[in-house]
Every structure is written in C-alpha cells, then in structure tokens.
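Asks: Chains as they are written, first to last, in our numbering: chain A, 1 to 478; chain B, 1 to 476.
Treat the hints as calculated values from the structure; they're not laboratory data. Among the hints, a few may not be true.
Claimed, not checked - Quick list of in silico lysine-lysine cross-link-like pairs, DSS-like style, CA-CA up to 30 Å: (1) B/54 to A/245; (2) A/329 to B/131; (3) A/14 to A/69; (4) A/421 to A/378; (5) A/411 to A/388; (6) B/244 to B/187; (7) A/345 to B/54; (8) A/32 to A/111; (9) B/19 to A/237; (10) B/80 to A/345; (11) B/446 to A/329; (12) A/95 to B/80; (13) B/222 to A/357; (14) B/446 to B/19; (15) A/381 to B/80; (16) B/76 to A/245; (17) B/131 to B/76; (18) A/245 to A/466; (19) B/80 to A/387; (20) A/237 to B/457; (21) A/247 to B/54; (22) B/131 to A/95; (23) B/187 to A/345; (24) B/446 to B/457; (25) B/80 to A/357.
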Amino acid sequence: MSKITQMDALTLGKAIAAGEVKVTEATEEYLKSIKESDEKYNCYVTVDEEGAMKSASDVQARIEKGELKSPLAGVPVAIKDNMCTEGLLTTCSSKILYNFVPTYESTAVSKLRDAGAVILGKTNMDEFAMGSTTETSYFGPTKNPANPEHVPGGSSGGSAAAVAAGECAYALGSDTGGSIRQPASYCGVVGIKPTYGTVSRYGLIAYGSSLDQIGPLTRNVSDAAAVLTAIAGHDEKDSTSVNAKAKDYTKALTKDVKDIKIGIPRDYFGEGLDPEVASKVRAAADVLKNAGASVEEFDLSLVNYAIPAYYTIAAAEASSNLERFDGIKYGYRTEDYEGLHNMYKKSRSEGFGAEVKRRIMLGSFVLSSGYYDAYYLKALKVKALIKKAFDEAFAKYDIILGPVAPTPAPKLGESLSDPIKMYLGDIYTISVNLAGLPGISLPCGTSAEGLPIGVQLLADCFEEEKLFRTAYTYEQCK
Amino acid sequence: MSDYETVIGLEVHVELATKTKIFCGCSTEFGGEPNTHTCPVCTGMPGSLPVLNKQVLEYAIAVGLATNCDITRYCKFDRKNYFYPDNPQNYQISQLYLPICRNGHVDIKTESGTEKAVRIHEIHMEEDAGKLIHDDWLDASLVDYNRSGVPLIEIVSEPDMRSAEEVIAYLEKLRMTISYLGASDCKLQEGSMRADVNLSVRKVGDTEFGTRTEMKNLNSFKAIARAIAGETERQIDLIESGEKVIQETRRWDDDKEMSYAMRSKEDAQDYRYFPDPDLVPISVSEELLNEIKSREPEFREAKIVRYAEEFGLPEKDILLITENKHLADIFEETVSKGAPAKKVSNWLMVETMRLLKENNLDPEDIRFSPENLASLIELTEKKTVNSTVAKEIFEEMFKSDCDPVKYVEEHGLAMQNDEGALRETIAKVIADNPQSVDDYHNGKEKAIGFLVGQTMKAMQGKCDPGSVNRILKELL
Chain A
1 MSKITQMDAL
11 TLGKAIAAGE
21 VKVTEATEEY
31 LKSIKESDEK
41 YNCYVTVDEE
51 GAMKSASDVQ
61 ARIEKGELKS
71 PLAGVPVAIK
81 DNMCTEGLLT
91 TCSSKILYNF
101 VPTYESTAVS
111 KLRDAGAVIL
121 GKTNMDEFAM
131 GSTTETSYFG
141 PTKNPANPEH
151 VPGGSSGGSA
161 AAVAAGECAY
171 ALGSDTGGSI
181 RQPASYCGVV
191 GIKPTYGTVS
201 RYGLIAYGSS
211 LDQIGPLTRN
221 VSDAAAVLTA
231 IAGHDEKDST
241 SVNAKAKDYT
251 KALTKDVKDI
261 KIGIPRDYFG
271 EGLDPEVASK
281 VRAAADVLKN
291 AGASVEEFDL
301 SLVNYAIPAY
311 YTIAAAEASS
321 NLERFDGIKY
331 GYRTEDYEGL
341 HNMYKKSRSE
351 GFGAEVKRRI
361 MLGSFVLSSG
371 YYDAYYLKAL
381 KVKALIKKAF
391 DEAFAKYDII
401 LGPVAPTPAP
411 KLGESLSDPI
421 KMYLGDIYTI
431 SVNLAGLPGI
441 SLPCGTSAEG
451 LPIGVQLLAD
461 CFEEEKLFRT
471 AYTYEQCK
Chain B
1 MSDYETVIGL
11 EVHVELATKT
21 KIFCGCSTEF
31 GGEPNTHTCP
41 VCTGMPGSLP
51 VLNKQVLEYA
61 IAVGLATNCD
71 ITRYCKFDRK
81 NYFYPDNPQN
91 YQISQLYLPI
101 CRNGHVDIKT
111 ESGTEKAVRI
121 HEIHMEEDAG
131 KLIHDDWLDA
141 SLVDYNRSGV
151 PLIEIVSEPD
161 MRSAEEVIAY
171 LEKLRMTISY
181 LGASDCKLQE
191 GSMRADVNLS
201 VRKVGDTEFG
211 TRTEMKNLNS
221 FKAIARAIAG
231 ETERQIDLIE
241 SGEKVIQETR
251 RWDDDKEMSY
261 AMRSKEDAQD
271 YRYFPDPDLV
281 PISVSEELLN
291 EIKSREPEFR
301 EAKIVRYAEE
311 FGLPEKDILL
321 ITENKHLADI
331 FEETVSKGAP
341 AKKVSNWLMV
351 ETMRLLKENN
361 LDPEDIRFSP
371 ENLASLIELT
381 EKKTVNSTVA
391 KEIFEEMFKS
401 DCDPVKYVEE
411 HGLAMQNDEG
421 ALRETIAKVI
431 ADNPQSVDDY
441 HNGKEKAIGF
451 LVGQTMKAMQ
461 GKCDPGSVNR
471 ILKELL
C-alpha cells in the first residue's frame, strides 16, 4: 500500500482539504492499487477509471473554489453493485443484469457525490445480496485479503474486501440480514447497519425491502460516523425513510462509556459458537468494562426463531421484488424462445443463479394461497415478538454486545454445498434487521490462523450516537 | 324465462382525475408519444420506489364518504403478483387486506321507478397498467407505459342488482356522484370508467346464488344492457338443457352480441398478495376526514329539489343543467350575478348545447364566464341588443369569453333607441315600396313582414323588431 492508500478516509480528506494531496493523485493511487491486487481478490465488478479520474479533477476544482466542505471531499469510494449509479453498469452480480446501466442515481450515491466523493467503481457481492460469502456472484467469488483461500463474507464481500485490501478508502454496502456486519467482521474492517429508515433505499435494488439498509464499511469508527452523516437523511423518494432532522454522528465520537450499560445475551454464547470467537468477544466486553461501562449477561429470548422468520420474510419480499427481471425491459433475455411465457421462463432460468432461484421459490411458496397465514403472517408475528424482546432489553441496557458470526471466515467452497448451515451462520445478525435496529461490527482480534474476528454492538432504534460512542471508546482503548 | 331472476354485482374501475400518477410525479395526461410520460418508478426500473400521491387518497375517501362507506383509518397497499408485459414490475400495487373504503351503499331509482339501495362491498386504490401494441409489420408487441401508474379506484358492489335497468341506474348514480366530486370524468367510452359485470341466474324464490360469470369489455351503457340480456339468456339455456354454468371470465363482443370465455376459475392465478413493504401504512386522521367531508359539493339530487323550489324552473331545464356540475355551477353563478334564472337556463339549454354539439365539446370545455353571460342577458333585457345580435355575441363569447359590453361597443351593435331616426327610416321604406304598402292595405298581412325586413336592413339590424312593427302600423 502506498502512503495515500494507507490513510483512513478522514485523514485523506484532511490532507486533500489542506492541499497536501490532490484528489487526482489520491484517485490514481487507488486505481493503481486496484490494478495491483484486484486480480487476486476480485473485489470489483466494474472499475470506472475514466469516470473516477474525470470526477477527481472536477472535485479538485470545486475544493479549490471552496465549494466543498465535507470531510470526505475528494476521498475515493467503492459502491456495492446493487446501488444504481447513473451511467455506470449496475449488475447486482447477476447475469440477469449483466448489461444494465441505470439512467438514475441512488440517493445514497448522489449524497456522496454531493459531498465530493470520487466513485472508483462497483463492488462484487452475492447475487442480489443473497448469500453470506460473495460466492453466489455471477462474476466469481471475492477473496478475503487476510487470506485469499477464505471468503470475505457477504453479501457485501466486495466492499469489505476492497476496504481491507486498500482498494478504496471506504465503501458502501447494504445489510438485509448481516450483509455489512458479517463481511466487515471477516475482513477486519468496521461496518454499520443503521436503523431501518435512516438511509434512503431509493436506487438500492431491493432484496428484502422491509429489511434492507445501506451503510458504510470503513477502516475505523470515525470514518463510519462521517460516512453515515453524509448518506443519512430523509428522502421524499423513499416512503420508508424516516423524516428526522439530519444528524452529525461525528459529534458522538467521544471516549466515554461511564454511563453505558451493556448487556450480553447468554443465548449468543451457546452451541455453535467457535471458542476463539467467544473469547475475543468477551475480551472486547472486558475492554469496555475497564473503560467504565457496566456489563452484565441477560437472556434474550426468541433467538432461535429469528432465522426461520427472517428467511420467510426476506424470501417472500425477494420473490416479488425480483419479478421485474423478466427479460422484457432491460437486462438479460434468452436467445431463443417461443412466445411470451417461454421467454419469461428461459430468461429467468438462465439469468438467475441457484441461490436466487431457491429464495424465489421459497418466497413464492410462503405467499401462496393456503400458506400465507401459516408462514408469512406467522413470520411477521415472530418479527413483532423479536422487536418486543429487544424493546425489553433496551429498557435495561444501552448497548447489546455479542459476536457477529459464529466462526471466522470459512474457506472458499465450503459454504454453498450446505445452504442451511450457511443460513444458520446469520444467527447473530438477522434479528437486528427484523427489529430494525442499528448494529456495528468492529474488529476485535484475529484467530490463531490469522483471520479477523469481529464484535457486534447493537443499540435501540435511532441510538446510533450511543453506538458510535461505545464503538469509538472500544477502538481507542483496545 | 320469467321463472328466473338475474343477480348482478359490479366491479367498477374509475380513473381518478389527478394531474400526476399514483406513485410518481409523471403526468396522467391522455395521449402523448409512447413512453414519454414515464420515469424509473412507473416503468418498474430496479431500485425505484413508489410514493403515494396524497390526492389519490383524498379522492378515494371523498368517493367513499359520498357512497356511505366506512373509511378504513389504518389502511395498506398490497402487491398483486402476476407476470404480464404491460405490468412493469410484474406486480400491481393494489389493496386487498385493508381497502380504503368498506360497507357503503348508494340509493338508486330506475327509469321505471324502482327505488332501492345497492350495497358497496369495498372501494380500493390501485395503479393502472401500461398498454400493449401489437405491431403486425414488425411482428412484435410493443409496450407503452404512459398509462402505467395512472390512479384508479375499484368500486366493488354486492350482488344487489336484478336487471340491466338497475345496473344502469347504479352506474349513472356513481358517475354523477364521482363527477360532482371532481374525482373523475367517468367516461365509459374513453375508459375512465370501466364496469365488469358479475352475473348469475337462479329460480325466483331460491335463496342460494347460482354460479356466476364475470363479463369484461363493456364500453357503453347499451353494451352493458345487451351483455346482461345475452348472458342471462345463455345461462338460463345452459341450466334448462341440464348443463352447468362454469365460473369463468368472459369477454363481450358487442358487434357480434356474443360473449367468449377468456379463462375459467381452474386456471385462475394465485396472485400471492402481500402488503407492499415499500409503502408505509396510511393513517387517516379525523382532520383529513372532516376536511374532505367539508369540501363535499351539493349533489345532483339536492340541486334538483332546490332548483325547483328556489328558481321555479321546469323539470326538463333542471335535469339538463344538473346533468353536469360545471354546467350547474355556471348556472348558479350567473343567476347570482342578477340574471333571471329562466333566461340563464335558456342560454345554457339552447345555444350552449348547440355550440357544444357542433364543436364536439363537453360541458367541462365551456370557457365563457358567468359574469359575461350575466352581462349579455342584461344587454338583452335592456334591449340594448336584439336576440339575433345577442346570439352573434354569444358565439364569440363561447369561443373567446369576450366581454359582451365591450364587444357591442367595438362592433357598434347597440340598437338605435332614437325613435326619431327610426321613424325617418320607416317613412323612407314606405315611400320606396308602394307595391307592398298597397298589398298591406289590400289585406295582405304578410306584406308588413317585408317592410319590417327592409327597415331592419336599413338600420343594419340595430333596432328592435317590435318597435319597427308598431311604428310601421302607425304610419300605414
């Protein structure tokens, strides 16, 4: 890594603001870094060299004119390939969108552009964000920079790996059941899923609409707070975006947890949790305890119901959300077909991968007449109960602390053969999406093999400030 | 045949008169080059999201209140999933579980005098689909998404109607109510109101309903009446010949006066309805309900009663004027400017209707203002202009809403009320036409008409024919 690509986003932003580094220079350095290592890691689906360089000189000019004040102005970023970027290929890592170039920009990306971000390209992901390893991508798996024989996690694996490999200063990901936090944990970076409704979903190609949320993947907590500040806010184009006052999350970055009550769910440390992960996560709790937080264990009920509820709701929404990919208006259309229905069938059979098809079938089934009440409605009831369990927990605690994933990153090729096992790996992350809560994944050590391990902090809805303050304190004290 | 009774329920789709679509800001204007009134939302592009147009909700509530429905205070949109190219997302955003209005009724009165209430099961909001165009030359189908996302309400009645006459009275009632609210122009021919007829037959006295069919493609009241007659006969024939009516959707071909099966219940699709997660549930506040209620106009029935009492107009006039709210509004405003009600009514019924018909326009297209109509009537009342000139002015007013007073001044159309000048002219006409004068004196009454005409011509029409007649007789 060069000096520039070693800097975190805010440090680079400062150097750019001070005139010590030119935006074009920073962009060139990152493009060089991508050229050097992306063949190995496959973090990107699309690298937009020309667009990035053009944007870099524009941003440089605007900074010099004093038009850009954001601490992120001029800092190069990578965007997960499920966020629409005007004029730039957006594939969701699927064959069915292999040629899709949006004519519009997602709100999160447009907010970053307004802040002066330089977009390097689009990162690899599990197809339509369905997967936990980035192996379901049509464009091949991304490798974990900590050890390329291992997966980077998913579905925002390309974004997490790009941050870890120094192929971007920071990245945007999306999290439906852990897709930001889990790859952050596997790759040793910071990832936050904000409260549902904090970041506009306009332009985010939906997987599970009621669960999807965009968030940053960064080198440290301060960068995460700065990026979230830039992308959060009400958007009238998204009815589910919360109409709240804009916040500056960087103001929450103080080293002080004396008033913070931390609860650790006993249920999270039971069967299936790797002992190495358990001990690193407990050590992280000790760091916060030593910094003045109160820490105690409690019973968070319903943990085991989260996975079936999640896969029912997410698959149901996905089965409907993905209907628009039919080969008619855009994207892949089969070569030979006879009539409309044959065209639909062949285009979709050839255009979607196995995991996506599995979830479309599952979702179509749970919404079918005669099964709707038994599956979909029941899952919604479980979702409400899980939210209630968290409400009760947050009446007692400010922060819930636990693991992100049961193990460090598995080896490539180990997960897809057993989808149920892969789904069970989401146990610590998905209830957060069901309850709409904010959650952050922080690096808390490495395994004996040298693979990163993450600790997850959760807060009540719209309590991102507490989350950032606790995370920042941990990062400073560890 | 008389052993049977026909049982009919209707599903009526009404296109709402909003300027923009239900979930995006695109124009709802009819026509336009294909795919020009479109955006990522109404073409189902990935990542786009729907946002409810509040006007749609308000119109739906207004229709619900006017049809005595309960308004669902916590309502939601659902997705109806089915694949078809005119449906860009391959799901239609509609309402199944919590529709905006439920349990209403309207009172109808048929031509032959039957009065009854037709219950409304529900009214829900939904989006319209695009339009498929089959191009024989290209041997391909093309899609135009200009209509995609145009707001609709679907009004579902209970099976309370027993004849085509009742169906038409019900549709007329809905049309009148909805157009008075300004929520839609409700034109069957243009598709802004579409009715699907659910029909079954049963023996008179039976309490169970027979198997029903649903009939589509009914584009006029006449077509509806014919389709009801045709389907009733078809079903009775089936039953009489020992066959069964199959529950199915049928398409009416009005030219052939026959219906064709489109799809049976067996191949009915499973729409996999579920609440749309992209749209937040709607809470209808008490304030909004009150606000909408307070904006409710005086409906036709009330106007009919009031016009008879207040203005003493003949029934024929009242029915014609109240047929259209815009027309009724013009009438009332013109009267409020001081014009006599019957005179206003005459202008609307005769000249206005004639010009609308000649120019192929609707009452909505009327451009002249009540002020100008009132001042034109005043000009005729004061005999500033005669009726021929008044009609000429009105034609101009109809075109350009000109001010009749100014028009009269600019074109020098005021009548000559100077009797001296008129007498001089008449004396000259008498002198110039001795033959007619003789004829008159010889008892040919008609000759006076010629002399009046000559006088009017000499005065360039700017005189009152009554006065001419009087003076002529006097001088002769």
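Asks: Are the hints correct? Go through all of them and say.
Replies: Tested hints:
For the hint linking residue 54 of chain B to residue 245 of chain A, the alpha-carbon distance of about 23 Å falls within 30 Å, and the restraint holds. The suggested pairing of residue 329 of chain A with residue 131 of chain B holds, with an alpha-carbon distance near 14 Å, which does not exceed 30 Å. Between residue 14 of chain A and residue 69 of chain A the CA atoms are separated by roughly 11 Å; this keeps the pair inside 30 Å, and the hint holds. Pair hint residue 421 of chain A plus residue 378 of chain A holds up; C-alpha atoms about 23 Å apart against a cutoff of 30 Å.
Between residue 411 of chain A and residue 388 of chain A the alpha-carbon distance is near 37 Å, which puts this suggested pair outside the 30 Å criterion. Our distance criterion of 30 Å between C-alpha atoms is broken by residue 244 of chain B and residue 187 of chain B, whose separation comes to about 36 Å. Simply put, residue 345 of chain A and residue 54 of chain B have alpha-carbon atoms about 38 Å apart, too far for the 30 Å limit, and the pair is violated. Of the supplied pair hints, the one linking residue 32 of chain A and residue 111 of chain A holds, its CA atoms being roughly 26 Å apart against a limit of 30 Å.
For a cut-off of 30 Å, the pair hint linking residue 19 of chain B to residue 237 of chain A stands: about 18 Å separates their Cα positions. Simply put, residue 80 of chain B and residue 345 of chain A have alpha-carbon atoms about 19 Å apart, close enough for the 30 Å limit, and the pair holds. Straight-line distance between C-alpha atoms of residue 446 of chain B and residue 329 of chain A comes to about 78 Å, which puts the hinted pair past the 30 Å bound. Between residue 95 of chain A and residue 80 of chain B the CA atoms are separated by roughly 26 Å; this keeps the pair inside 30 Å, and the hint holds.
Under the criterion of a C-alpha separation no larger than 30 Å, the hint pairing residue 222 of chain B with residue 357 of chain A is inconsistent with the structure, at around 49 Å. Note on residue 446 of chain B and residue 19 of chain B: the hinted pairing is violated, with a Cα-Cα distance of about 60 Å set against a maximum of 30 Å. Of the supplied pair hints, the one linking residue 381 of chain A and residue 80 of chain B holds, its CA atoms being roughly 22 Å apart against a limit of 30 Å. Simply put, residue 76 of chain B and residue 245 of chain A have alpha-carbon atoms about 26 Å apart, close enough for the 30 Å limit, and the pair holds.
Between residue 131 of chain B and residue 76 of chain B the CA atoms are separated by roughly 26 Å; this keeps the pair inside 30 Å, and the hint holds. For a cut-off of 30 Å, the pair hint linking residue 245 of chain A to residue 466 of chain A stands: about 17 Å separates their Cα positions. In summary, the hint linking residue 80 of chain B to residue 387 of chain A is supported, as the alpha carbons are separated by about 28 Å, within the 30 Å threshold. The straight-line distance between the Cα atoms of residue 237 of chain A and residue 457 of chain B is roughly 70 Å, outside the 30 Å bound, and the hint therefore fails.
The hinted pair formed by residue 247 of chain A and residue 54 of chain B meets the criterion: a straight-line CA distance of about 28 Å does not exceed 30 Å. Only pairs whose Cα atoms come within 30 Å are accepted, and residue 131 of chain B paired with residue 95 of chain A is accepted, the gap being roughly 28 Å. Among the hinted pairs, residue 187 of chain B with residue 345 of chain A is inconsistent with the structure: their alpha-carbon atoms are about 39 Å apart, more than 30 Å. Restraint check for residue 446 of chain B and residue 457 of chain B: the C-alpha separation of about 17 Å stays at or below 30 Å, so the hint holds.
Simply put, residue 80 of chain B and residue 357 of chain A have alpha-carbon atoms about 20 Å apart, close enough for the 30 Å limit, and the pair holds.
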